Amino acid sequence: KQEVTQIPAALSVPEGENLVLNCSFTDSAIYNLQWFRQDPGKGLTSLLLIQSSQREQTSGRLNASLDKSSGRSTLYIAASQPGDSATYLCAVITYKYIFGTGTRLKVLA
Amino acid sequence: EAGVTQSPTHLIKTRGQQATLRCSPISGHTSVYWYQQALGLGLQFLLWYDEGEERNRGNFPPRFSGRQFPNYSSELNVNALELEDSALYLCASSLASGTGDTEAFFGQGTRLTVV
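Line order of the protein sequences matches chains A and B. Going by my numbering, the first sequence opens with residue 1, and the numbers climb by one from there. Going by my numbering, the second sequence opens with residue 1, and the numbers climb by one from there.
Everything labelled a hint here was simulated from the structure, so no lab data went into it. For clarity, every value in this text was computed on a predicted model and none was experimentally measured. Heads up, some of the hints might be wrong.
[To be verified] Here are some chain B residues pointing at chain A (derived, C-beta under 8 Å):
1) 43
2) 45
3) 48
4) 103
5) 106
6) 108
Cβ coordinates follow ideal geometry from the N, Cα and C atoms, glycine included.
Work out the full structure, taking the sequences as your base and the hints as a guide.
If you want it as structure tokens, here you go:
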């Protein structure tokens with residue numbers, strides 16, 4: 001059974017720091033992996049989709065990498081801002097999305 | 001182009017009642033997925049519909065059911081509501097049927113509160 005774990009569970013940092021959020025999964029038989037952010041009480045906002053043939057994706061201050069063989073993905077956030085405060089979720093994708101446990105991020109002004 | 005739309009945004013029901021949640025997929029998408037996010041818990045896969053058929057369901061009791069209509073929109077029905085059914089219910093749609101190599105797009109969710 002696929003299990004997806006995110007570390008750390010919560011993170012509080014001062015504005016401007018570079019951050020690394022980790023996602024690990026137990027079964028490497030996935031197609032793609034996607035990172036989302038979720039604001040309190042809201043739906044999901046897609047950040048980055050990494051297809052199985054890719055090793056990383058970048059969008060603005062965000063960079064995500066994928067190593068299927070080791071069952072790991074990393075989301076790197078550069079120069080964090082208070083507006084980045086949210087819960088970040090990774091999901092491994094087969095025929096369905098299996099979500100991680102989430103990292104709750106708070107960026108302090 | 002419109003994204004995945006869900007209605008209603010909020011729904012309040014009494015324990016024992018039935019709730020119906022609706023989802024309209026992106027035009028051209030044939031697969032619809034339902035997920036539950038209960039307070040303090042992660043997002044859990046509920047149901048997958050494709051071409052009008054239920055393809056897979058998660059580990060939920062039979063009182064969670066649904067259907068997909070010929071226009072690919074979908075309903076999620078929750079019967080005999082219990083307090084722990086209070087959650088955010090998210091719908092997603094995608095192009096391909098269960099291959100996992102295309103992106104699913106998520107709606108903004110329906111917040112169900114059972115009192």
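For this session: Would you settle whether the hint for residue 43(B) is holds or violated, based on the nearest Cβ-Cβ distance to chain A being less than 8 Å?
Result: The hint holds - residue 43(B) has a Cβ within 8 Å of chain A, the shortest such distance being about 4 Å.
Exercise. Is the interface hint for residue 45(B) satisfied, with its Cβ closer than 8 Å to some Cβ of chain A?
Worked result: 5 Å, holds
Exercise. Are residue 103(B) and chain A close enough, Cβ to Cβ, to be under 8 Å, as the hint says?
Worked result: 5 Å, holds
For this session: Tell me if residue 108(B) is really an interface residue toward chain A, meaning its C-beta lies closer than 8 Å to one of theirs.
Result: Check passed: Cβ of residue 108(B) comes within 4 Å of chain A, closer than 8 Å.
Exercise. Can residue 48(B) be said to touch chain A, with a Cβ gap under 8 Å?
Worked result: 6 Å, holds
For this session: Using 8 Å as the Cβ threshold, decide whether residue 106(B) counts as touching chain A.
Result: Holds: closest Cβ of chain A sits about 5 Å from residue 106(B), inside 8 Å.
Violated hints for the displayed structure: none, as all numbered hints are satisfied.
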